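Trainee: All chains, full assembly: derive it from the sequences and hints.
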Amino acid sequence: LVAAVLAHSGRLDKEHLGARVGRLSRRGEVCTMINKKYSEFLPSMQSAEDLVAQVEGLCSNIDLLKAGIENEVQRDLNVAVAEFTELKQQLERDTLVLSVLKKLQEFDTTIKECNSALLEQQYVTAAQQLEKARSSLRSLESRRGFELKIVKALGTELTVQTQNMIYHLGEEWQKLIVWKLPPSKGSSSLEAVVLSELHLHTVPPQDEDAAVPPVAAVLQALAVLGELHSKLKDFGHLLLQYILKPLISHPSLQPVLEEQPDVFILRFRSQELALDEASPMEVFDKIKLVFEVLHKYLLNVPLEQPGEGRVSLAELLGELIWEELSDCLIHNCLVNSIPTNSSKLEQYKEVIESTEEFEKALKKMQFLKEDSTALLKYACNVDSHFANKKCQDVIMAARSLMTSEIHNTVKITPDSSIALPELPDPGSGDHLKVQRPSKHLLHNGAVSVGSESRLSPLTLCLPSCRISCSVQQLLELAYHTLLEATASTDLCCVQLFDCVRNIFQLFYEVVPTYHRENLQKLPQLAAIHHNNCMYIAHHLLTLGHQFRYRSTGVLSNGAATFVDLVPAFRRLGMECFLAQMRVQKGEILERLSSARNFSNMDDEENYCAANKAIKQVLHQLRRLGMVWQDVLPVNVYCKAMGALLNTALAEIVTRIAALEDISAEDADRLYSLCRIMVEEGPQVFTPLLEEDKNKKYQEEVPVYVQKWMTFKELMIILQANLQEIVDQWADGKGPLAEEFSAAEVKSLIRALFQNTERRAAALAKIK
1 LVAAVLAHSG RLDKEHLGAR VGRLSRRGEV CTMINKKYSE FLPSMQSAED LVAQVEGLCS
61 NIDLLKAGIE NEVQRDLNVA VAEFTELKQQ LERDTLVLSV LKKLQEFDTT IKECNSALLE
121 QQYVTAAQQL EKARSSLRSL ESRRGFELKI VKALGTELTV QTQNMIYHLG EEWQKLIVWK
181 LPPSKGSSSL EAVVLSELHL HTVPPQDEDA AVPPVAAVLQ ALAVLGELHS KLKDFGHLLL
241 QYILKPLISH PSLQPVLEEQ PDVFILRFRS QELALDEASP MEVFDKIKLV FEVLHKYLLN
301 VPLEQPGEGR VSLAELLGEL IWEELSDCLI HNCLVNSIPT NSSKLEQYKE VIESTEEFEK
361 ALKKMQFLKE DSTALLKYAC NVDSHFANKK CQDVIMAARS LMTSEIHNTV KITPDSSIAL
421 PELPDPGSGD HLKVQRPSKH LLHNGAVSVG SESRLSPLTL CLPSCRISCS VQQLLELAYH
481 TLLEATASTD LCCVQLFDCV RNIFQLFYEV VPTYHRENLQ KLPQLAAIHH NNCMYIAHHL
541 LTLGHQFRYR STGVLSNGAA TFVDLVPAFR RLGMECFLAQ MRVQKGEILE RLSSARNFSN
601 MDDEENYCAA NKAIKQVLHQ LRRLGMVWQD VLPVNVYCKA MGALLNTALA EIVTRIAALE
661 DISAEDADRL YSLCRIMVEE GPQVFTPLLE EDKNKKYQEE VPVYVQKWMT FKELMIILQA
721 NLQEIVDQWA DGKGPLAEEF SAAEVKSLIR ALFQNTERRA AALAKIK
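Read in order, the letters of the sequence shown are residues 1 to 767 in full-length UniProt numbering.
Quick caveat, the hints were computed from the structure, so don't treat them as lab data.
In silico lysine to aspartate or glutamate, EDC-like type, Cα no more than 16 Å apart, as pairs:
#1 LYS296 to GLU258
#2 LYS175 to GLU197
#3 LYS112 to GLU131
#4 LYS364 to GLU292
#5 LYS615 to GLU587
#6 LYS712 to GLU724
#7 LYS369 to GLU357
#8 LYS521 to GLU405
Fair warning: this is a prediction, and the values are worked out from it, not measured in the lab.
Mentor: Printed below as a string of structure tokens:
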């Protein structure tokens with residue numbers, strides 16, 4: 001087979017093939033098989049050679065045919081393609097011209113049909129034809145590269161026809177819906193609102209030849225032209241301003257309905273004896289009545305809205321005005337109906353039911369969508385609204401009390417009765433019972449603390465003093481608010497508790513700032529503010545604990561406490577009063593500074609100056625004693641007056657002890673000045689209104705005036721001789737040694753006595 005192939009390809013000649021076969025024949029069976037295959041291949045090779053010859057002939061014919069096509073057929077084909085392209089372009093131009101002519105014809109036809117329908121008052125047909133004309137015009141304007149001057153004229157014509165159509169529809173709208181408004185438009189007064197009327201002409205008048213088109217035709221035509229939204233918006237604005245909002249804002253207004261053969265009239269009348277606020281049920285009934293009338297005579301019209309399908313006119317109007325109407329109902333109606341007392345929350349269920357019925361009625365009239373529940377959500381969230389309103393009212397009332405006058409006071413005594421709520425026994429579980437006396441409370445008011453020890457009934461009581469009436473009312477407000485919290489839900493309870501804390505924090509910030517000038521200038525107001533703060537701190541100690549067992553909610557876990565505010569209020573009162581004390585001390589020292597250091601008292605002018613300073617100090621103390629009388633607690637009063645008197649005495653002692661030379665006449669005059677202080681000083685202690693009761697505190701002056709005995713010892717030194725001074729010293733164990741140091745006594749001796757042996761001996765004994 002290999003040899004035959006090689007022979008066929010011309011690479012081996014017969015000699016080589018014979019030699020090859022000769023070599024192979026030596027192999028026996030292999031050679032025999034090759035000879036057999038060769039004999040079988042020879043016919044096939046001959047057939048192949050014949051086929052090659054035929055193919056070569058065909059290739060020659062193909063070359064001839066190709067040359068003919070390239071020279072003749074291709075030229076004819078190019079000519080045909082050019083002709084076809086030209087015909088195609090001409091066809092496209094003719095088609096475009098034809099389509100433009102058709103659109104122009106359609107535009108002209110629709111404009112004519114529109115005018116004809118408009119003359120016959122077929123407004124829906126006319127509006128639809130206008131929309132078709134507008135569509136044709138848009139098609140013409142959208143063809144690029146083919147601009148006609150007539151298109152601009154057609155647009156102008158379409159605009160004119162549209163405005164003409166809108167004008168006619170507007171006239172028909174004004175015939176259907178007639179508003180009679182008060183002369184002063186925009187006024188919301190009751191007198192102006194009563195003059196408002198709405199006339200709905202829903203049937204053609206009998207005295208006119210041309211029938212008024214049905215309301216549905218006018219509305220549908222407006223919808224087709226896209227003008228219905230603006231008309232409804234204007235109508236909704238007037239409806240809100242002159243009908244719906246006045247019905248909500250003026251409880252005395254009542255809608256009056258009057259139906260005549262060709263018109264339905266809606267007007268108002270005012271009731272003379274009306275409540276200040278209408279209940280939500282009454283308002284809902286009035287609003288629902290208005291919508292029922294509008295639904296019957298105007299809004300119950302199905303419309304084909306472009307791009308939205310079939311909708312109701314009531315639904316379109318509702319989308320425009322419901323948000324504003326619901327806000328008005330909430331802020332001017334539902335807000336006012338929220339109870340101010342938790343006991344009335346149960347009665348509010350009637351309002352919730354009425355709100356639900358109101359929304360259902362509006363949804364039935366298709367004025368509201370099914371998922372619109374703004375009013376009902378607000379009404380159902382009454383607990384939160386109650387808490388917010390209560391907190392707002394409480395904070396406003398508290399702030400009003402804080403900014404009222406401080407000097408209007410009330411007397412507080414341990415046995416005084418304060419208008420606070422009576423709290424029940426913690427273990428009774430009954431919120432209405434009065435708290436029973438503790439088993440440890442004895443018949444005389446004392447409290448037993450085990451064995452024979454007893455506490456005074458006044459142990460934990462606030463001492464008698466005067467506080468501002470506003471502060472007492474503030475505490476009453478806090479108590480009643482917490483009492484309200486215990487009867488409320490957990491959420492409301494937390495809000496009210498936080499509100500009470502906010503009251504006291506507001507007091508801490510507002511009162512010192514608002515009354516700053518008066519607290520700095522007027523000692524009495526500073527004392528009253530001190531008492532106010534102590535009074536509040538006294539109640540804060542137990543305020544949270546008193547309500548712990550009244551509530552089963554958040555207040556019962558012990559977290560409801562006000563104890564953390566107590567130090568702040570005590571500090572607030574003390575800082576204010578101490579600031580006033582510093583002012584008074586400064587005035588005392590300033591007056592004593594005009595005494596010319598109590599030196600050279602033999603000079604009449606110096607003596608008069610010192611005497612005047614002493615009297616001014618005593619006058620200041622007496623004035624303070626009067627303005628603080630019956631205001632401060634007795635112990636605070638005595639400590640304050642004692643501190644001020646002590647300031648004056650300490651200053652006098654310091655000035656006299658610093659003198660280097662005191663003559664006998666000077667000593668006498670200094671003694672007389674000191675005697676004035678000793679005699680009149682105790683008289684400034686008048687904490688009580690009853691004069692006979694003040695003697696006790698005047699006798700206890702040494703208890704409150706630290707320098708009192710020092711001052712009296714100074715007076716003794718001014719009148720004593722050397723021996724008496726030495727006796728008073730008593731080797732550092734006498735009363736003089738308790739008040740003065742050895743150096744001070746020696747300085748006084750040197751100033752009072754001349755330098756003699758006796759003085760030297762006396763000085764030697766002072767050590």
